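Take a look at the letters that make up each chain.
There are 2 protein chains.
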Amino acid sequence: MRQAGRYLPEYREIRARVSFLELCKNPTLAAEVTVQPIRRFGFDAAILFSDLLVPLEAMGLDVVFTDEGPTLPHPVRGAGDLARLSTFVPAEKTPYVLETIDRVKGLLAGTPLIGFAGAPFTVATYAIEGKTSKRFVETKRLFYTDPPAARRLLSLIAEATKAYLLAQVEAGAQAIQIFDSWLGVVSAEDWEDFVFAPTAELVAGVQAAGVPVIYFPNGATTILDRVAKVGADVVGIDWRLPIDEARRRLEAAGAGSPGKTTCVQGNLDPALLLGPHDRLERVAANIVERGGRQGHVFNLGHGIYPDTPIAAVERLVHTVRST
Amino acid sequence: MRQAGRYLPEYREIRARVSFLELCKNPTLAAEVTVQPIRRFGFDAAILFSDLLVPLEAMGLDVVFTDEGPTLPHPVRGAGDLARLSTFVPAEKTPYVLETIDRVKGLLAGTPLIGFAGAPFTVATYAIEGKTSKRFVETKRLFYTDPPAARRLLSLIAEATKAYLLAQVEAGAQAIQIFDSWLGVVSAEDWEDFVFAPTAELVAGVQAAGVPVIYFPNGATTILDRVAKVGADVVGIDWRLPIDEARRRLEAAGAGSPGKTTCVQGNLDPALLLGPHDRLERVAANIVERGGRQGHVFNLGHGIYPDTPIAAVERLVHTVRST
Chain A
11 MRQAGRYLPE YREIRARVSF LELCKNPTLA AEVTVQPIRR FGFDAAILFS
61 DLLVPLEAMG LDVVFTDEGP TLPHPVRGAG DLARLSTFVP AEKTPYVLET
111 IDRVKGLLAG TPLIGFAGAP FTVATYAIEG KTSKRFVETK RLFYTDPPAA
161 RRLLSLIAEA TKAYLLAQVE AGAQAIQIFD SWLGVVSAED WEDFVFAPTA
211 ELVAGVQAAG VPVIYFPNGA TTILDRVAKV GADVVGIDWR LPIDEARRRL
261 EAAGAGSPGK TTCVQGNLDP ALLLGPHDRL ERVAANIVER GGRQGHVFNL
311 GHGIYPDTPI AAVERLVHTV RST
Chain B
11 MRQAGRYLPE YREIRARVSF LELCKNPTLA AEVTVQPIRR FGFDAAILFS
61 DLLVPLEAMG LDVVFTDEGP TLPHPVRGAG DLARLSTFVP AEKTPYVLET
111 IDRVKGLLAG TPLIGFAGAP FTVATYAIEG KTSKRFVETK RLFYTDPPAA
161 RRLLSLIAEA TKAYLLAQVE AGAQAIQIFD SWLGVVSAED WEDFVFAPTA
211 ELVAGVQAAG VPVIYFPNGA TTILDRVAKV GADVVGIDWR LPIDEARRRL
261 EAAGAGSPGK TTCVQGNLDP ALLLGPHDRL ERVAANIVER GGRQGHVFNL
311 GHGIYPDTPI AAVERLVHTV RST
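In order, the protein sequences belong to chains A and B.
Taking the working numbering, the leading residue of the first sequence gets 11, the next gets one more, and so forth.
Taking the working numbering, the leading residue of the second sequence gets 11, the next gets one more, and so forth.
Take the hints with a grain of salt, since some may be wrong.
To be verified - The calculated label-pair distances, taken between Cβ atoms and stated as ranges, are:
| # | chain 1 | residue 1 | chain 2 | residue 2 | range |
| --- | --- | --- | --- | --- | --- |
| 1 | A | T333 | B | A214 | 36 to 42 Å |
| 2 | A | R145 | B | A263 | 28 to 34 Å |
| 3 | A | G52 | B | T333 | 56 to 62 Å |
| 4 | B | T333 | A | D54 | 50 to 56 Å |
| 5 | A | L92 | B | R162 | 29 to 35 Å |
| 6 | B | R22 | A | P122 | 56 to 62 Å |
| 7 | B | G88 | A | N296 | 23 to 29 Å |
Worth flagging that the hints you see were computed from the coordinates, not collected in a lab.
Everything numeric in this text was worked out from a predicted model, so none of it was measured.
Idealized CB from N, CA, C, for every residue including glycine.
Turn these sequences into a full structure, and let the hints steer you where they fit.
Quick look at the structure:
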């Protein structure tokens, strides 16, 4: 999950001076907020500070950040809109991301850096809806009324994102996380029909560079058997399902190699950081135990809440390290 | 799912004259909109038109309907707020619901009527958040900071809802559906710790009146093995998981009786009604086949979209009846 954020006073201080968009596009500041959580908490890896919509803007769509979050004034609603999108050369269109990585590498003393991007489906929902959605009506309308256009859109996003992530690896990212934030609204049938192929293609394309890929199918553990076939090195698990059960479902579906532990990441409900420490510690320790102490990247099951107390994060890190 | 709604011109005509709240509390109009879809489409059963928050208001909380939906100006945020809530006598506090049922029974020529209420967790989220939520921060904060208060709240809602639903049965409802619209945000651990007991208690309490109970754990098919233990006669399945897989997961968890088909309801993604008829027909027919032609109540996997064309619903009914 994103580690930087409004729960950190040092992040809020920077955000008081620049907009979210300026922050994403300013390598000095983006590198600074990427490294802030590492300085404060000593996490085992840093994750690049950026936004899901960066590649979409680079592909040619207008992106405007408003108080309600990012919006696209001219969303993709049909095959005719696809002409406005193209793959891009990251060094030309998103040099600030690559420069951010370069700067982060200079600031981090040995802590690995995880690059990131949104998964084709999630990025496509922004392209189609034009904003964060709740019911994803327009996305599904496009899927059902013009399946070839929907598939071309996802495939184009996968191709552009692959180049974008390979450039991140070249710039120094040592692993890649692909966020499928909105996968939870997809049926098993639509997964097969639209989402699986471009997602698997993207994962394989990044793995070809020799880095591990973490795929996070948020809200979609009910189709974990299908998700297993994407072939990610690590599958991120939200907080809904115990992590040992998630691993068993992945393994039953043929994920991982025989005799080797299937790698999972997660899965503490970030809301636990808002409550008392005794419960937080008990649940976190339980997750560590269920994770089996190998092939498990301890993490939150979703993004951290803005009003999370610093002391709770400190306590969590201590609990995970000492369990 | 609710059958009445803005997709029907005859419903919009009534709503142009009265507010949503007035509609819920006016037995003549509420009965009329309950019966409208039956007249138009000839569904096999009608579902009572009402609102999830009716019992909460009857329990003593102020409910105000705004343009953004129902809001509670004084939500429940701690143990001290529980004193404002109590169980209630349906004939005294919600006579309009019982009168609506009575009128519906007079209007329906043999079509069964399904009564309904929200499940304890879902109703509790409205009591705690004060409105429709996205991340349910306050709900979880209460769960984690004061578990006994959270449990008392859910238990109180379950008790009040039981009386409310038994009164619906006495008034003539021949089955009951319990909607857990927001269950998808609950972890398996919190399900065990907070949600399971009051939900199972409510289901059993209504079953004691001799009517079948449909429980709809929206967005929570990943914990269907736990949900099975609620003991509902029918489990509603959203559109995320094929209905035959859902039934197999329920049966593997011990739902139903040996040798008898486990009953499921669902599970067409309502977004399919917005697309072309050929896809709608193909997916609907597939659901009928997977449902196995017994122990399956064909239904949408979630609420119908306001801009659903009438012709699509007609086509769907035809497809289901002729498959």
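Checked hints:
no.	hint	verdict
1	A:T333 / B:A214: 36 to 42 Å	38 Å, holds
2	A:R145 / B:A263: 28 to 34 Å	29 Å, holds
3	A:G52 / B:T333: 56 to 62 Å	60 Å, holds
4	B:T333 / A:D54: 50 to 56 Å	54 Å, holds
5	A:L92 / B:R162: 29 to 35 Å	55 Å, violated
6	B:R22 / A:P122: 56 to 62 Å	57 Å, holds
7	B:G88 / A:N296: 23 to 29 Å	26 Å, holds
When each numbered hint is compared with the structure, a violation occurs for hint 5 only.
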